[in-house]
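**Q** Sequence:
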Amino acid sequence: MVYDERELLLGKLEIVKNTRMIDYAIDIHKQLHPNAVIPEELLEKRKKVVNELKIYQEETNHIRQIFESQTVVKQIETTRYI
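Numbering-wise (our numbering), the sequence shown opens with residue 2 and increments by one.
Treat the hints loosely; a few may be bogus.
To be verified - With a straight-line Cα cutoff of 30 angstroms, these simulated DSSO-like cross-link-like pairs (lysine-lysine) come out: (1) 48 x 75; (2) 18 x 46; (3) 18 x 55; (4) 46 x 31; (5) 49 x 75; (6) 48 x 13; (7) 49 x 18; (8) 46 x 75; (9) 13 x 31; (10) 75 x 31; (11) 13 x 49; (12) 18 x 48.
Hints are computed from structural coordinates only; laboratory data are not their basis.
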């Protein structure tokens with residue numbers, strides 16, 4: 002069975018535009034409309050998602066730093082097999 006590529010892209014766009022996969026949604030929109038301007042709705046959503054990502058990174062930075070410590074990594078590796 003062969004599906005129309007445009008219909009598949011429209012379906013993908015419909016699914017991902019309501020997620021945080023906004024860069025993927027923009028890429029799909031560009032495939033569907035190569036010469037069109039990206040809708041303001043998608044650009045605003047991207048700003049929001051990038052801002053949320055920055056906030057999450059700041060809030061979890063201390064946890065990431067712990068797991069990047071070689072001492073902690075070695076402790077995890079040695080206790081994993083107990």
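**Q** Does each hint fit the structure? Answer for all of them.
**A** How the hints compare with the structure:
Only pairs whose Cα atoms come within 30 angstroms are accepted, and residue 48 paired with residue 75 is rejected, the gap being roughly 38 angstroms. Taking the CA atoms of residue 18 and residue 46, the gap is near 9 angstroms; set against the 30 angstroms cutoff, the hint holds. Proximity of residue 18 to residue 55 is assessed by CA-CA distance (about 20 angstroms); at most 30 angstroms being required, the pair is judged to hold. With a CA separation close to 16 angstroms, the supplied pair residue 46 and residue 31 stays within the 30 angstroms bound.
A distance of roughly 38 angstroms separates the Cα atoms of residue 49 and residue 75; the hinted pair therefore is violated under the 30 angstroms criterion. Proposed proximity of residue 48 and residue 13 is supported: the alpha carbons are some 21 angstroms apart, at most 30 angstroms. Among the hinted pairs, residue 49 with residue 18 is consistent with the structure: their alpha-carbon atoms are about 13 angstroms apart, no more than 30 angstroms. Straight-line distance between C-alpha atoms of residue 46 and residue 75 comes to about 40 angstroms, which puts the hinted pair past the 30 angstroms bound.
Between the alpha carbons of residue 13 and residue 31 the distance comes to roughly 13 angstroms, so the proposed pair stays at or under 30 angstroms and holds. Simply put, residue 75 and residue 31 have alpha-carbon atoms about 46 angstroms apart, too far for the 30 angstroms limit, and the pair is violated. For a cut-off of 30 angstroms, the pair hint linking residue 13 to residue 49 stands: about 21 angstroms separates their Cα positions. Restraint check: the Cα-Cα separation between residue 18 and residue 48 comes to about 14 angstroms, which is no more than 30 angstroms; the hinted pair holds.
Checked against the numbered hints given earlier, this structure breaks hints 1, 5, 8, 10; the rest are met.
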